[in-house]
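K.L.:
Given chain Y's structure and the hints, the job is docking chain W onto it.
Chains Y and W, in that order, give the protein sequences.
For the first sequence, the numbering used here assigns the number 1 to the initial residue and increments by one for each residue that follows.
For the second sequence, the numbering used here assigns the number 1 to the initial residue and increments by one for each residue that follows.
It is worth saying that the hints were derived from the structure and are not from the lab.
Among the hints, erroneous ones may be present.
Stated by the list, open to error - Each computed DSSO-like pair below joins lysine-lysine, with the alpha-carbon atoms no more than 30 Å apart:
#1 K192(W) with K111(Y)
#2 K201(W) with K187(W)
#3 K130(W) with K201(Y)
#4 K65(Y) with K22(Y)
#5 K22(Y) with K187(Y)
#6 K201(Y) with K156(W)
#7 K22(Y) with K182(W)
#8 K22(W) with K187(Y)
Claimed, not checked - Distance ranges between label pairs, derived from CB positions:
#9 R149(Y) with K65(W): 56 to 66 Å
#10 L143(W) with D30(Y): 41 to 51 Å
#11 E50(Y) with E50(W): 53 to 63 Å
#12 S2(Y) with E200(W): 40 to 50 Å
#13 A171(W) with S2(Y): 20 to 30 Å
#14 S150(Y) with K65(W): 39 to 49 Å
#15 A172(W) with A171(Y): 40 to 50 Å
#16 K192(Y) with N193(W): 29 to 39 Å
As the list claims (entries may be wrong) - Chain Y regions said to be covered by chain W (calculated; three or more residues, Cβ under 8 Å):
#17 82 to 90
#18 156 to 165
#19 191 to 201
Note that the structure is a prediction, hence the values are computed from the model and not measured.
Just so you know, even glycine gets a beta-carbon here, dropped at the ideal spot from N, CA and C.
There are 2 protein chains.
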Amino acid sequence: MSKGGVFVVSGPSGSGKDTVLKGLFAENPDILFSISSITRAMRPGEREGEKYNFISREHFEEMIKNDLLLEHNVFVGNYYGTPRIPVEKAVSEGRDIIIEVDVNGAAQIRKKLPEAVTVFIMPPSFEELKRRLVGRGTESEELIEKRLRSALDEIKRAEEYDYIIVNDDAAAASQSLMSVIKACRLKTERQKNIINEVLEKC
Amino acid sequence: MSKGGVFVVSGPSGSGKDTVLKGLFAENPDILFSISSITRAMRPGEREGEKYNFISREHFEEMIKNDLLLEHNVFVGNYYGTPRIPVEKAVSEGRDIIIEVDVNGAAQIRKKLPEAVTVFIMPPSFEELKRRLVGRGTESEELIEKRLRSALDEIKRAEEYDYIIVNDDAAAASQSLMSVIKACRLKTERQKNIINEVLEKC
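Okay, chain Y solo, but in the shape it has when bound (with noise of 0.2 Å):
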């Protein structure tokens, strides 16, 4: 069987890459989602094993010595990672599987797994980035400001990425993404197996 391939899919605050996704796996559902491992405490409304699986320190650390995890960090204090083994196990039974990182998860996942196909989801524009973080309505100035500047980080390294999916509109956007999925099962390293099946019978 050929193998099933790696995404690693990262956007900045206001770039709508939560609403990609979601539309690309309500119209793709073959294809998995990479749970990350998170060492902080349950939020109401959040489900063990739907985005996170929430782990002790200890068993994080234990995680990281063992070398157990494609990427890592440190968010206020909490560890937030990406488990090794289930993409291992999507790869070798032939599923595609998104990896949902920043830019410093991806630029660690590409050191461990260079075959792993990197999309980096993009606002429109500064102007509508803007309005996407103001149009909240919910968050302070300062919040705002602050996740303004994280996006332009993000943005700056966006070159660093395989793919751009500038992301206008949602639906499009998802669309975009499935073609990269697509284009990848049609690569020849995915395909050999139907050179030698309509050989081996002539």
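P.N.:
Below, chain W alone, put in the same frame as chain Y:
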């Protein structure tokens, strides 16, 4: 402006390549088709500049001498080739262009234009390939045998290509080819402008 992409499409007799390309162009009139220069006489139903430019032997040899062909070959005493200028023009104008050639032509283009993306259209099985070649019903057994042998020789070289599209269903195969083209448009080297556009307004 970002550059266009060059897509080299090959597929043996019986792969259904022509139908796949027809479907692609019908839905995507913005994509260009590279017109071959040939020295054989025009046949009934053919039109100058549609699929071929009919030129003289002297003209063709002049083009070879001046390195104005991306690939060329001789078939039954006549020259066939892909002119370089229209392809370079398309690329510089940001247009995608498709070159339809056989495995030898593709190998020549790969050397002259390493950035070209190569796609092999594959019949789904040996039985189906045979069925399609026999099914035309207009050709001698000898000619069918010859086409079959040459198809198998081409299939053996499919792994030289970047992508393989199995043509089980022509409409789906056209969509697959379009996914490859779309994904190439999303590559970061074709999207660097957007990074600067977003950053320069902040």
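K.L.:
Each hint should be assessed against the structure and marked as holding or not.
P.N.:
To see whether the hints hold, each was checked on the structure:
{"no.": "1", "hint": "K192(W) with K111(Y)", "verdict": "23 Å, holds"}
{"no.": "2", "hint": "K201(W) with K187(W)", "verdict": "23 Å, holds"}
{"no.": "3", "hint": "K130(W) with K201(Y)", "verdict": "11 Å, holds"}
{"no.": "4", "hint": "K65(Y) with K22(Y)", "verdict": "33 Å, violated"}
{"no.": "5", "hint": "K22(Y) with K187(Y)", "verdict": "25 Å, holds"}
{"no.": "6", "hint": "K201(Y) with K156(W)", "verdict": "13 Å, holds"}
{"no.": "7", "hint": "K22(Y) with K182(W)", "verdict": "21 Å, holds"}
{"no.": "8", "hint": "K22(W) with K187(Y)", "verdict": "22 Å, holds"}
{"no.": "9", "hint": "R149(Y) with K65(W): 56 to 66 Å", "verdict": "59 Å, holds"}
{"no.": "10", "hint": "L143(W) with D30(Y): 41 to 51 Å", "verdict": "43 Å, holds"}
{"no.": "11", "hint": "E50(Y) with E50(W): 53 to 63 Å", "verdict": "56 Å, holds"}
{"no.": "12", "hint": "S2(Y) with E200(W): 40 to 50 Å", "verdict": "43 Å, holds"}
{"no.": "13", "hint": "A171(W) with S2(Y): 20 to 30 Å", "verdict": "23 Å, holds"}
{"no.": "14", "hint": "S150(Y) with K65(W): 39 to 49 Å", "verdict": "58 Å, violated"}
{"no.": "15", "hint": "A172(W) with A171(Y): 40 to 50 Å", "verdict": "21 Å, violated"}
{"no.": "16", "hint": "K192(Y) with N193(W): 29 to 39 Å", "verdict": "36 Å, holds"}
{"no.": "17", "hint": "82 to 90", "verdict": "violated (count 0)"}
{"no.": "18", "hint": "156 to 165", "verdict": "holds (count 8)"}
{"no.": "19", "hint": "191 to 201", "verdict": "holds (count 8)"}
Checked against the numbered hints given earlier, the structure breaks hints 4, 14, 15, 17 and satisfies all the rest.
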